[in-house]
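J.: Letter by letter, the chains look like this.
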Amino acid sequence: MANFSTNEFKAGLKVMLDGEPCNILENEYVKPGKGQAFNRVKIRKLVSGKVLEKTFRSGDSVEGADVMDTELSYLYSDGEFWHFMNNETFEQVAADEKALGDTVKWLVENDLFTITLWNGNPIVVTPQNFVEIEITETDPGLKGDTAGTGGKPATLATGAVVRVPLFIQTGEVIKVDTRSGEYVSRAAK
Amino acid sequence: MTDPRRYAAWQMQITPSNLRARADILSQIRGFFAQRQVLEVDVPVLSQRGVTDPYLDNFVTRLTVDDKVTPLYLQTSPEYAMKRMLASGSGCIYSLAKAFRHESSGHQHNPEFTMLEWYRIGFDDWDLMREVASLLCHILPVNAVDYVSYHDVFVKYAGIDIDTVSGAELRACVPIDTHYDLTHSSDEHVLQLIFNVLIEPQIGLHQPCFIYDFPAKQAALAKIKQDNPDYAHRFEVYFKGIELANGYWELTDSIEQARRFAQDNLVRTEQGYAPVQADEALLAALSHGLPECAGVALGVDRLVMLALGLSDIAHALPFSTDNA
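Line by line, the protein sequences are chains A and B.
Using the working numbering, read the first sequence as starting at 31 and increasing by one per residue.
Using the working numbering, read the second sequence as starting at 190 and increasing by one per residue.
Simulated from the structure, these hints should not be mistaken for lab results.
Heads up, some of the hints might be wrong.
What the hints assert, rightly or not - BS3-like cross-link-like pairs, simulated, lysine-lysine; straight-line CA separation at most 25 Å: (1) A:K44 - A:K75; (2) A:K72 - A:K84; (3) A:K64 - B:K414; (4) A:K44 - A:K84; (5) B:K345 - B:K406; (6) B:K429 - B:K345; (7) A:K75 - A:K135; (8) A:K44 - A:K128; (9) A:K84 - A:K64; (10) A:K64 - A:K44; (11) A:K61 - A:K72; (12) A:K40 - A:K61; (13) A:K61 - B:K287; (14) A:K128 - A:K80; (15) A:K135 - A:K205; (16) A:K84 - B:K429; (17) A:K84 - A:K40; (18) A:K128 - A:K75; (19) A:K72 - B:K429; (20) A:K64 - A:K80; (21) A:K64 - B:K345; (22) A:K40 - A:K75; (23) A:K128 - A:K72; (24) B:K287 - A:K64; (25) A:K61 - B:K429; (26) B:K429 - A:K64; (27) A:K205 - A:K182; (28) B:K406 - A:K64; (29) A:K135 - A:K80; (30) B:K345 - A:K61; (31) B:K345 - B:K414; (32) B:K406 - A:K61; (33) A:K40 - A:K80.
Next up, chain A with everything else stripped away, as it sits in the complex:
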């Protein structure tokens, strides 16, 4: 894998740090008027998800990480692994619980997910920003409440619990923002 100098650091670059693949989130070049330049770099460790800040001497370089994002559709779980498939090549990938993390609550069959592969192995499964999932259970709300003040909890087919406006009923399909876990709207028909 190629080495990258701090001059090439930018958001989205994947590098190896302490033996773990990391994603660079922010890179701030600091050059005191008099004194050695350095880079303050915000990094997400891809396996643990931990975000940390590291300081580099400007001009230092680090090894790139062989990390690739692929779009795969979710097939099924066998209890130990979750299986995803590339819709074009039909190649399958099995992700473990650790790679899946919180994404488990957004798993809808045939939906597309971004699978991050490190040296060919899945390390992170990321849902699309918006998913549409059916509500399996929510208290009947008051008819005519369209202001959506307060809301109520609703359990989705995937197990996730989302606050929805009072007028939303069991059996409806709603659009949810997976980044915040918040209700967005009723799904487009």
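Once you have looked at the hints, place chain B on chain A.
T.: Same frame as chain A, now just chain B:
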């Protein structure tokens, strides 16, 4: 990552109203000095000598006439030319012009930038700090500034007494995760890291903060304090996380200046960089006699950022180098 730009690549990066505000600031600066009878001078941007400072790098170009090739250096500041003018009898002068540093871009850095530099004959660092404060209060929405010594700011915000701390203790204080071993870095670099990471976010939040009496090892071109040779008559100004200005009660001793240039080149060589020939014209001017004076350099693009509340220097300029 989405690109936050809302303009096409050919368009200027500053908004039309900020462009007018920028022009107004430039004109206010000129008015400020006209009122004080400080003369505007336009010094060469292209010069036959570069800078020895181990942490500054000139852009270098070449003048080729027939077979004779002369390297020319884009100036990192107008300092040397201005000091030669002062020694020639110019009187108090200021320069409001472009300076160039061969380094990366950042939110507060553009390799080409507008620098205001001025020299006041008969001033010491305190006289000049007060004048910088007047200028800042004139241009920025502030009406007072803070003054803290380098020593006291470390005690107050980092709990470190730099007079007594050992090298190992100092390194243990660094509150940050470095990707390299600090035991091989100079004490000055470690102090700089602590200053940037721990202290800078805590100072100059509401009004500009002047840090004065820098350690002698970071004296650059400032006089050493006679009553305490561990410190120098150098100050910097910080406001809202931005390093805005750097000033000295100027060193007038040509022998000491030559020694510091030589020292710079030693550090350059240690770090694997080519030494840079010291500016003999500056040394000759100093040995002829630089009048007792204080001088300061101020980043005008950063001043515009602060005046207009911008977080990226690219939005304070018509075009940053990435787009020029």
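J.: Now tell me, hint by hint, if it's right for this structure.
T.: Now for the hints, and whether the structure bears them out:
Taking the CA atoms of K44 (chain A) and K75 (chain A), the gap is about 10 Å. The hint holds against a cut of 25 Å. A threshold of 25 Å between alpha carbons decides the hint, and for K72 (chain A) with K84 (chain A) the separation of about 6 Å falls inside it, so the pair holds. With a C-alpha separation of about 19 Å, the suggested pair K64 (chain A) and K414 (chain B) falls inside the 25 Å cut-off, and the hint holds. Among the hinted pairs, K44 (chain A) with K84 (chain A) is consistent with the structure: their alpha-carbon atoms are about 14 Å apart, no more than 25 Å.
Under the criterion of a C-alpha separation no larger than 25 Å, the hint pairing K345 (chain B) with K406 (chain B) is consistent with the structure, at around 21 Å. This hinted pair checks out: K429 (chain B) and K345 (chain B) have alpha carbons roughly 18 Å apart, not beyond 25 Å. Distance hint between K75 (chain A) and K135 (chain A) is fulfilled; the C-alpha atoms sit about 22 Å from each other, no more than 25 Å. About 20 Å separates the Cα atoms of K44 (chain A) and K128 (chain A), which keeps this hinted pair within 25 Å; it holds.
Among the hinted pairs, K84 (chain A) with K64 (chain A) is consistent with the structure: their alpha-carbon atoms are about 22 Å apart, no more than 25 Å. Among the hinted pairs, K64 (chain A) with K44 (chain A) is inconsistent with the structure: their alpha-carbon atoms are about 31 Å apart, more than 25 Å. Of the pairs offered as hints, the one joining K61 (chain A) and K72 (chain A) holds, with about 17 Å between alpha carbons and a cut-off of 25 Å not exceeded. Proximity of K40 (chain A) to K61 (chain A) is assessed by CA-CA distance (about 17 Å); at most 25 Å being required, the pair is judged to hold.
Taking the CA atoms of K61 (chain A) and K287 (chain B), the gap is about 18 Å. The hint holds against a cut of 25 Å. For the proposed pair K128 (chain A) and K80 (chain A), the alpha carbon gap of about 14 Å is at most 25 Å, so the pair holds. For the hint linking K135 (chain A) to K205 (chain A), the alpha-carbon distance of about 14 Å falls within 25 Å, and the restraint holds. For the hint pairing K84 (chain A) with K429 (chain B), the CA-to-CA distance comes to about 22 Å; that is within 25 Å, so the pair holds.
Our distance criterion of 25 Å between C-alpha atoms is met by K84 (chain A) and K40 (chain A), whose separation comes to about 14 Å. Taken as a hint, the K128 (chain A) and K75 (chain A) pair is honoured in the structure, with Cα atoms around 14 Å apart against an allowance of 25 Å. Our distance criterion of 25 Å between C-alpha atoms is met by K72 (chain A) and K429 (chain B), whose separation comes to about 21 Å. Restraint check for K64 (chain A) and K80 (chain A): not satisfied, since their Cα atoms lie roughly 34 Å apart, outside the 25 Å limit.
A C-alpha spacing of about 23 Å is found between K64 (chain A) and K345 (chain B), which places the hinted pair at or below 25 Å, so the restraint holds. Taken as a hint, the K40 (chain A) and K75 (chain A) pair is honoured in the structure, with Cα atoms around 15 Å apart against an allowance of 25 Å. Proximity of K128 (chain A) to K72 (chain A) is assessed by CA-CA distance (about 23 Å); at most 25 Å being required, the pair is judged to hold. Taken as a hint, the K287 (chain B) and K64 (chain A) pair is honoured in the structure, with Cα atoms around 18 Å apart against an allowance of 25 Å.
For the given pair, K61 (chain A) sits about 16 Å from K429 (chain B) by alpha-carbon distance, which is consistent with the 25 Å threshold. The suggested pairing of K429 (chain B) with K64 (chain A) holds, with an alpha-carbon distance near 19 Å, which does not exceed 25 Å. Between K205 (chain A) and K182 (chain A) the alpha-carbon distance is near 16 Å, which keeps this suggested pair within the 25 Å criterion. Taken as a hint, the K406 (chain B) and K64 (chain A) pair is honoured in the structure, with Cα atoms around 11 Å apart against an allowance of 25 Å.
With a C-alpha separation of about 20 Å, the suggested pair K135 (chain A) and K80 (chain A) falls inside the 25 Å cut-off, and the hint holds. Of the pairs offered as hints, the one joining K345 (chain B) and K61 (chain A) holds, with about 24 Å between alpha carbons and a cut-off of 25 Å not exceeded. A distance of roughly 22 Å separates the Cα atoms of K345 (chain B) and K414 (chain B); the hinted pair therefore holds under the 25 Å criterion. This hinted pair checks out: K406 (chain B) and K61 (chain A) have alpha carbons roughly 18 Å apart, not beyond 25 Å.
Taken as a hint, the K40 (chain A) and K80 (chain A) pair is honoured in the structure, with Cα atoms around 18 Å apart against an allowance of 25 Å.
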